[in-house]
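Engineer: Listed below, chain by chain, are the residues.
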Amino acid sequence: KQEVTQIPAALSVPEGENLVLNCSFTDSAIYNLQWFRQDPGKGLTSLLLIQSSQREQTSGRLNASLDKSSGRSTLYIAASQPGDSATYLCAVRDAQGGKLIFGQGTELSVKP
Amino acid sequence: DVKVTQSSRYLVKRTGEKVFLECVQDMDHENMFWYRQDPGLGLRLIYFSYDVKMKEKGDIPEGYSVSREKKERFSLILESASTNQTSMYLCASSFRRGGLDQPQHFGDGTRLSIL
Numbered sequence: 479k480q481e482v483t484q485i486p487a488a489l490s491v492p493e494g495e496n497l498v499l500n501c502s503f504t505d506s507a508i509y510n511l512q513w514f515r516q517d518p519g520k521g522l523t524s525l526l527l528i529q530s531s532q533r534e535q536t537s538g539r540l541n542a543s544l545d546k547s548s549g550r551s552t553l554y555i556a557a558s559q560p561g562d563s564a565t566y567l568c569a570v571r572d573a574q575g576g577k578l579i580f581g582q583g584t585e586l587s588v589k590p
Numbered sequence: 010d011v012k013v014t015q016s017s018r019y020l021v022k023r024t025g026e027k028v029f030l031e032c033v034q035d036m037d038h039e040n041m042f043w044y045r046q047d048p049g050l051g052l053r054l055i056y057f058s059y060d061v062k063m064k065e066k067g068d069i070p071e072g073y074s075v076s077r078e079k080k081e082r083f084s085l086i087l088e089s090a091s092t093n094q095t096s097m098y099l100c101a102s103s104f105r106r107g108g109l110d111q112p113q114h115f116g117d118g119t120r121l122s123i124l
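Protein chains in written order, with the numbering used here: chain A, 479 to 590; chain B, 10 to 124.
Okay, chain A solo, but in the shape it has when bound (with noise of 0.2 Å):
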């Protein structure tokens, strides 16, 4: 059964830091993996999706990549910003079931 767990839980920088988050998977048969932001209280928001036979993609200061056989992916944020602060979800989309399989997210405040 595949099982997703991002660490650190929560994650406190001071603004302008570099940054990585980790997300680590146990099954390595996955179609893809995607990266989330979510704010208090509010839904979901798409930041990056990797397909299976892609090494990493960007967008802005955002750079996630995925090594399957490890079983891991880590989203790089540069130069990062107080309204960078939310909690950020690594989910896969499992080659067995075709369902996404989310972690648990990380905390992430900027402080200014």
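If you're looking for bench data, these hints aren't it; they were derived computationally from the structure.
One should not assume that every hint holds.
Each computed DMTMM-like pair below joins lysine to aspartate or glutamate, with the alpha-carbon atoms no more than 20 Å apart [stated by the list, open to error]: (1) A:479 <-> B:68; (2) B:62 <-> B:78; (3) A:577 <-> B:110; (4) A:520 <-> A:585; (5) B:64 <-> A:572; (6) B:12 <-> B:117; (7) A:520 <-> B:47; (8) A:546 <-> B:110; (9) B:66 <-> A:572; (10) B:12 <-> A:517; (11) B:66 <-> B:47; (12) A:479 <-> B:65; (13) B:22 <-> B:47.
For clarity, every value in this text was computed on a predicted model and none was experimentally measured.
Chain B: place on chain A using the hints.
Structural biologist: Structure of chain B alone, referenced to chain A:
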């Protein structure tokens, strides 16, 4: 921009009531999903649909049913609401292009309280 609209942001109902949560998307997406999100448990898939009148059970379908009569609308039904169904409910939609999944887009959620 993709718009996924959930009919209510907050809803309070009583145990035993039949509850309808509505979700509408405006981008002609084939796929639609219902999740619930609870502290410590994360997001869990309740039901999903790949086409009109099609439905598939997710991980926690018990106590729920769904309806997809039109492509743009996916309804979640709590047949007889219970207090353990108090939660944040999130609807999402997506499409496939060239055989590949595209990102799921989420609504703002409905916070449902069952008293």
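Engineer: A separate judgement is required for each hint: does it hold in the structure or not?
Structural biologist: Comparing the hints with the structure gives:
The straight-line distance between the Cα atoms of residue 479 of chain A and residue 68 of chain B is roughly 12 Å, inside the 20 Å bound, and the hint therefore holds. With a C-alpha separation of about 6 Å, the suggested pair residue 62 of chain B and residue 78 of chain B falls inside the 20 Å cut-off, and the hint holds. Between residue 577 of chain A and residue 110 of chain B the CA atoms are separated by roughly 11 Å; this keeps the pair inside 20 Å, and the hint holds. Simply put, residue 520 of chain A and residue 585 of chain A have alpha-carbon atoms about 14 Å apart, close enough for the 20 Å limit, and the pair holds.
A C-alpha spacing of about 18 Å is found between residue 64 of chain B and residue 572 of chain A, which places the hinted pair at or below 20 Å, so the restraint holds. Taken as a hint, the residue 12 of chain B and residue 117 of chain B pair is honoured in the structure, with Cα atoms around 10 Å apart against an allowance of 20 Å. Proposed proximity of residue 520 of chain A and residue 47 of chain B is supported: the alpha carbons are some 13 Å apart, at most 20 Å. Our distance criterion of 20 Å between C-alpha atoms is met by residue 546 of chain A and residue 110 of chain B, whose separation comes to about 17 Å.
Note on residue 66 of chain B and residue 572 of chain A: the hinted pairing holds, with a Cα-Cα distance of about 15 Å set against a maximum of 20 Å. A C-alpha spacing of about 17 Å is found between residue 12 of chain B and residue 517 of chain A, which places the hinted pair at or below 20 Å, so the restraint holds. Restraint check: the Cα-Cα separation between residue 66 of chain B and residue 47 of chain B comes to about 19 Å, which is no more than 20 Å; the hinted pair holds. A threshold of 20 Å between alpha carbons decides the hint, and for residue 479 of chain A with residue 65 of chain B the separation of about 18 Å falls inside it, so the pair holds.
Restraint check: the Cα-Cα separation between residue 22 of chain B and residue 47 of chain B comes to about 18 Å, which is no more than 20 Å; the hinted pair holds.
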